[in-house]
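Visitor: Sequence:
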Amino acid sequence: LLLASPLASSLAADDTAASPAAPNDTIRTIRGLRSTHGNFSDREIPEEQLQTILESSLRAANASNMQNYSIIVVRDRAVMKQLCGCRGSRLLVFCADHNRMMASAAALGHTYAPGDAPSFLTATVDTALAAQTAAIAARSLGIDYLLTNGIHRGDMARVWKLLELPEKHCFPVIALVLGYPTEEPDHLKGRLDGPGIIHEGKYHQPTAEELATIAQRYDDPATHLALNEEWAKAGHKHFFDWLFTAWIGRSARPAGQSSQMLDLLKRSGYLDA
1 LLLASPLASS LAADDTAASP AAPNDTIRTI RGLRSTHGNF SDREIPEEQL
51 QTILESSLRA ANASNMQNYS IIVVRDRAVM KQLCGCRGSR LLVFCADHNR
101 MMASAAALGH TYAPGDAPSF LTATVDTALA AQTAAIAARS LGIDYLLTNG
151 IHRGDMARVW KLLELPEKHC FPVIALVLGY PTEEPDHLKG RLDGPGIIHE
201 GKYHQPTAEE LATIAQRYDD PATHLALNEE WAKAGHKHFF DWLFTAWIGR
251 SARPAGQSSQ MLDLLKRSGY LDA
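In our numbering, the protein residues as written are 1 to 273.
Misleading hints may appear alongside valid ones.
[What the hints assert, rightly or not] Restraint-style ranges between C-beta atoms, simulated for each label pair:
| # | residue 1 | residue 2 | range |
| --- | --- | --- | --- |
| 1 | P185 | D25 | 19 to 25 Å |
| 2 | L211 | E55 | 41 to 47 Å |
| 3 | L211 | G235 | 21 to 27 Å |
| 4 | I27 | P185 | 18 to 24 Å |
| 5 | A222 | G201 | 30 to 36 Å |
| 6 | D76 | L192 | 19 to 25 Å |
[Unchecked claim] Under the rule of at most 30 Å between Cα atoms (straight-line distance), these lysine-lysine pairs were calculated in the DSSO-like manner:
| # | residue 1 | residue 2 |
| --- | --- | --- |
| 7 | K81 | K161 |
| 8 | K161 | K233 |
| 9 | K161 | K266 |
| 10 | K81 | K189 |
| 11 | K189 | K161 |
| 12 | K81 | K202 |
| 13 | K233 | K168 |
| 14 | K202 | K189 |
Read the hints as simulated data drawn from the structure, not as lab findings. Note that CB positions come from ideal geometry on N, CA and C, so glycine has one too.
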């Protein structure tokens, strides 16, 4: 049972005032999930609570109960900064990892060679489920977090070097920064629902009218869907204009240039020949 913190409960109640009351503390915690972006204090997480978060993450669903992932606990704040650009009390790096199971097979004279895309996809899903479960457990304890792909930015080889990851069959998927914020947010980020998100019975391509409504919802500051409020000041008509040009477009690669992530996946042995 995840017990919601008073903070999570109050934020959820404020943000979902028009929604039906949460039926239990677990749903209340989930409705109060939030990200803390960079403003973590120096306050440390009690070791007992860190272990509770780790133990909870292991209860996440996973394929064949093989738990093809590894969780690296980082306590050095300087190393956290190098890894993901953010520092908190603790950093958990969740990696898709088949090394433990490969070694277990070899120890008994068996061969286990997960060298294909399906194996990587399955392990990645297992890894992400464990990370999300850890985030929920943290919020239930009143601990804030940031799930970040910052480990994929810049020279990704640093992650293998700093954490001494195996070169083969181990790939960093997501990082979870844990800690306490220097200040409390005045609202929760919104989430899109309805057409384009929930599909009943079969896939539904949004109509032009529905797409216009979605764009309008992101433009409306009251929904808190936009990443920031600077897009309009920068001269963009819609938030999506900023999103698909200034934000996503900033990392565009020249045509024909391979991404380092693809190169590292090949090196890791996860892609079919």
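Visitor: Determine for every hint whether it applies to the structure shown.
Guide: Now the hints, each set against the structure:
{"no.": "1", "hint": "P185 with D25: 19 to 25 Å", "in the structure": "21 Å, holds"}
{"no.": "2", "hint": "L211 with E55: 41 to 47 Å", "in the structure": "44 Å, holds"}
{"no.": "3", "hint": "L211 with G235: 21 to 27 Å", "in the structure": "22 Å, holds"}
{"no.": "4", "hint": "I27 with P185: 18 to 24 Å", "in the structure": "20 Å, holds"}
{"no.": "5", "hint": "A222 with G201: 30 to 36 Å", "in the structure": "31 Å, holds"}
{"no.": "6", "hint": "D76 with L192: 19 to 25 Å", "in the structure": "37 Å, violated"}
{"no.": "7", "hint": "K81 with K161", "in the structure": "14 Å, holds"}
{"no.": "8", "hint": "K161 with K233", "in the structure": "41 Å, violated"}
{"no.": "9", "hint": "K161 with K266", "in the structure": "18 Å, holds"}
{"no.": "10", "hint": "K81 with K189", "in the structure": "25 Å, holds"}
{"no.": "11", "hint": "K189 with K161", "in the structure": "35 Å, violated"}
{"no.": "12", "hint": "K81 with K202", "in the structure": "44 Å, violated"}
{"no.": "13", "hint": "K233 with K168", "in the structure": "46 Å, violated"}
{"no.": "14", "hint": "K202 with K189", "in the structure": "28 Å, holds"}
Violated hints, in rising order: 6, 8, 11, 12, 13; the structure is consistent with all others.
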